[in-house]
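There are 2 protein chains.
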Amino acid sequence: MSLIVQKYGGTSVGSTERIKNVARRVIATQAEGHSVIAVVSAMAGVTDNLLKLASEVSSNPTKREMDVLLATGEQTTIALLAMAIDELGGNAVSLTGAQAGIATDGDHTKARIKNISPKEVHRLLDDGNIVIIAGFQGQAPDGRISTLGRGGSDLSAIAMASAVGADRCQILTDVDGVYTCDPRVVPNARKIDEISYDEMLEMASSGSKVMQSRSVEFAKKFGVLFEVCSSLNTNPGTVVMEEKPHMEAVVIRGVSLERNQAKVRVGNVPDQPGFASRIFRAIADAGIIIDMIVQNTSEDGVTDISFTLNSNELAQAKEVLEQAVGDFAEGTRVTLEEGVARVSAVGIGMRSHSGVAADMCTSLADSNINIKMISTSEIKTAVIVDEADVEEAARVVHDGFGLGDKPILAES
Amino acid sequence: MSLIVQKYGGTSVGSTERIKNVARRVIATQAEGHSVIAVVSAMAGVTDNLLKLASEVSSNPTKREMDVLLATGEQTTIALLAMAIDELGGNAVSLTGAQAGIATDGDHTKARIKNISPKEVHRLLDDGNIVIIAGFQGQAPDGRISTLGRGGSDLSAIAMASAVGADRCQILTDVDGVYTCDPRVVPNARKIDEISYDEMLEMASSGSKVMQSRSVEFAKKFGVLFEVCSSLNTNPGTVVMEEKPHMEAVVIRGVSLERNQAKVRVGNVPDQPGFASRIFRAIADAGIIIDMIVQNTSEDGVTDISFTLNSNELAQAKEVLEQAVGDFAEGTRVTLEEGVARVSAVGIGMRSHSGVAADMCTSLADSNINIKMISTSEIKTAVIVDEADVEEAARVVHDGFGLGDKPILAES
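Chains D and H are the protein sequences, given in the same order.
Residue 1 is where the first sequence starts when you use my numbering, and the numbers rise one by one after that.
Residue 1 is where the second sequence starts when you use my numbering, and the numbers rise one by one after that.
These are computed hints drawn from the structure, not numbers from a lab.
None of these values were measured; they are calculated from a predicted model.
Errors might be hidden in some of the hints.
Claimed, not checked - Only pairs whose alpha carbons sit at most 20 Å apart, straight line, appear in this in silico DMTMM-like list of lysine to aspartate or glutamate:
(1) K52(H) - D142(D)
(2) K220(H) - D142(H)
(3) K263(D) - E194(D)
(4) K119(D) - D142(H)
(5) K52(D) - D167(H)
(6) K20(H) - E392(D)
(7) K220(D) - E258(D)
(8) K119(H) - D142(D)
(9) K221(H) - D142(H)
Claimed, not checked - Simulated restraints, written as ranges between beta carbons of each label pair:
(10) I290(H) - R123(D): 52 to 58 Å
(11) G339(H) - G143(D): 24 to 30 Å
(12) R123(D) - N310(H): 55 to 61 Å
(13) G143(D) - N310(H): 54 to 60 Å
(14) D105(D) - Q316(H): 51 to 57 Å
(15) S117(D) - D105(H): 45 to 51 Å
Glycine included, C-beta positions come from ideal geometry on N, C-alpha and C.
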């Protein structure tokens with residue numbers, strides 16, 4: 001008998017009708033001879049309602065109390081799911097994060113899991129129960145309720161799977177798995193059968209928002225194999241796992257796109273130690289996350305530094321940068337460009353296969369799409385293009401690597 | 001510095017605007033130099049919504065999971081109230097029932113408080129915090145969430161006041177206190193300043209639904225003096241306390257009325273041991289609560305037994321009774337009368353003052369109101385009248401005892 005952890009997100013439990021569907025699926029999984037742990041999120045919309053209530057009583061709610069408030073969302077779902085399972089003749093027991101033994105640090109609203117003591121979970125499973133656990137939440141060292149922040153329920157499921165030594169961990173969602181690209185943009189995008197943690201991380205950070213990076217990072221760190229699949233059908237999903245030798249045979253696993261990017265260029269920066277540091281320190285101190293840093297070769301003792309960031313943070317970035325570079329040199333100036341987007345090709349096969357950047361540029365050039373910046377990492381090649389070009393760019397890159405048909409094999 | 005426990009019910013915290021009012025009041029109480037514990041209910045309407053969700057997933061929800069579900073109601077309120085207090089510059093920490101150390105038995109949805117360990121509450125108070133506690137809930141011996149059933153938040157407040165040795169316990173509600181009669185029925189009803197536990201219990205069981213009997217019984221058992229007062233103003237309320245010698249000077253403390261009663265008469269019951277027992281056993285086994293039992297004097301070897309009950313339970317009572325008396329004797333039969341109501345005069349002064357029943361009958365007779373049954377206990381005299389007469393009956397009895405002006409003194 002194997003032990004399966006299933007995680008159901010907010011959309012999958014978004015109504016009592018859907019909760020009943022989840023109950024049926026959980027019971028069916030148990031009937032196949034498995035022990036089942038279901039980790040659930042708050043019903044879709046519930047968290048927004050709670051945030052609205054909080055905003056009505058406080059302009060800046062204390063994080064500790066925000067956790068007490070938000071944790072009611074998952075607690076409602078676990079009770080309803082356990083009732084629904086019972087109604088169908090199953091045996092279920094619900095546990096809050098604290099009751100399930102999920103211990104976190106005290107960093108409220110974005111706590112980290114420190115330890116899981118699954119004794120109670122094992123005891124309930126041994127008695128034949130389906131164990132329903134509230135995702136997203138745990139218990140801080142002082143006994144208070146904590147929450148894990150965005151994507152927290154995925155993290156709860158993966159961490160619990162690790163703690164109980166589960167044979168399988170399924171992240172059930174409203175998509176069939178991870179796709180080679182967003183099917184709304186690239187109609188011939190295919191579902192990926194297997195993807196390595198590193199590829200999944202690069203896809204996530206490049207705009208494929210199936211899961212938050214931190215859950216994937218946790219899974220990688222503790223070697224938890226998991227499957228992203230649909231809560232609406234039983235088709236095989238995408239298995240996210242440690243890299244296997246055969247995986248490198250595929251050069252590009254997928255293409256992702258991120259919209260609402262902006263490009264910042266600081267021109268005529270003195271090419272001397274310390275100036276770049278002052279730029280990036282100012283940006284970091286303001287809590288702004290940047291991406292794709294490019295520094296041109298120096299000429300006449302000055303250089304250009306460019307980077308991208310989310311458009312939402314552009315106004316703040318402009319303010320802190322203009323203050324920071326004010327005393328650099330007379331000609332130093334900040335120029336901004338909005339309305340750009342990023343297209344990234346991701347694949348661990350890139351390590352052993354050259355020419356990815358060249359192939360990507362060729363595909364874009366053939367479609368007359370101008371590239372504004374290029375950046376590469378070990379398993380990703382990313383370009384910045386006009387926002388207006390991003391969908392066409394994704395399609396031609398996706399087709400250029402043959403992702404719509406079947407994976408290109410590096411050795412073929 | 002004194003320690004005050006304040007309990008705010010569902011109406012008092014029924015909106016975020018009202019929660020902000022409660023926050024102001026709690027802060028004002030602390031500013032007067034007191035340590036404050038606030039015990040709160042779920043926002044009005046929230047529990048009904050949760051029950052509706054439960055009914056959508058299950059025809060017969062497990063009680064254990066119902067408690068997990070319902071407990072989210074108070075948890076939402078404690079977080080919002082703590083945030084609101086913080087927003088106004090106060091320091092508040094919220095605690096669930098379990099976190100506040102409220103240990104109950106495992107009788108889910110109607111658990112009894114077994115013990116309170118207020119160590120954490122004291123620690124937080126000592127640090128200058130206002131402590132916000134979720135009423136209605138506790139922790140069962142197996143670590144699960146339990147709830148206390150109807151009126152549970154009052155019970156939480158009174159039990160907590162006892163456990164922490166509070167100097168005062170205030171039950172804040174949407175009325176000014178306990179009245180000599182329902183002011184909607186008797187316009188000249190007055191607020192009672194002091195009432196004994198026993199009188200309060202008789203008033204509650206006779207239709208004055210300010211509080212559930214069990215909370216008053218708990219307060220009596222542990223000698224917790226409490227005040228029922230308004231959350232909308234700071235007028236003195238009604239103090240509920242141990243009987244004091246001067247209290248007996250008032251013959252009648254108040255008049256209460258209970259509508260929707262029905263009268264059951266079992267006629268021609270053989271006047272032999274065992275028959276009455278079979279009637280009441282059948283009723284009790286069906287879980288039906290009855291009141292005002294009257295047995296007439298035996299005549300010709302048969303007797304009549306009458307009692308009252310809530311109209312809602314009449315159909316079920318009829319069924320079980322007809323089955324139970326079927327083999328009594330040929331002439332035994334059950335007759336039912338709906339559309340009656342009860343008027344009760346309550347006062348500990350009755351013990352030392354005779355003639356209360358006579359005075360009551362005279363008042364009713366003068367108004368031409370027919371009495372269908374009379375029943376007396378040590379501190380209560382109750383009559384059953386036609387439902388159509390109940391308001392007039394309450395008014396004339398209330399006036400007859402001079403309750404609209406000032407209490408009649410037994411010795412005057």
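Going down the list of hints, with the structure as the test:
1. In summary, the hint linking K52(H) to D142(D) is not supported, as the alpha carbons are separated by about 35 Å, beyond the 20 Å threshold.
2. A distance of roughly 29 Å separates the Cα atoms of K220(H) and D142(H); the hinted pair therefore is violated under the 20 Å criterion.
3. As the CA atoms of K263(D) and E194(D) are separated by approximately 34 Å, the hinted pair breaks the 20 Å bound.
4. For the proposed pair K119(D) and D142(H), the alpha carbon gap of about 13 Å is at most 20 Å, so the pair holds.
5. Between the alpha carbons of K52(D) and D167(H) the distance comes to roughly 37 Å, so the proposed pair goes past 20 Å and is violated.
6. Distance hint between K20(H) and E392(D) is unfulfilled; the C-alpha atoms sit about 53 Å from each other, more than 20 Å.
7. Pair hint K220(D) plus E258(D) does not hold up; C-alpha atoms about 24 Å apart against a cutoff of 20 Å.
8. For the given pair, K119(H) sits about 13 Å from D142(D) by alpha-carbon distance, which is consistent with the 20 Å threshold.
9. Among the hinted pairs, K221(H) with D142(H) is inconsistent with the structure: their alpha-carbon atoms are about 27 Å apart, more than 20 Å.
10. Hint check: I290(H) to R123(D), Cβ distance near 44 Å, so the stated range 52 to 58 Å is violated.
11. Separation of G339(H) from G143(D) is about 55 Å and departs from the stated range, judged on CB atoms against 24 to 30 Å.
12. At about 43 Å, the beta-carbon gap between R123(D) and N310(H) misses the expected band of 55 to 61 Å.
13. Take G143(D) and N310(H): their Cβ atoms lie about 44 Å apart, and the range 54 to 60 Å is violated.
14. Taking the beta carbon of each, D105(D) and Q316(H) are about 56 Å apart, inside 51 to 57 Å as hinted.
15. The supplied range of 45 to 51 Å is broken by S117(D) and D105(H), whose beta-carbon atoms lie about 26 Å from each other.
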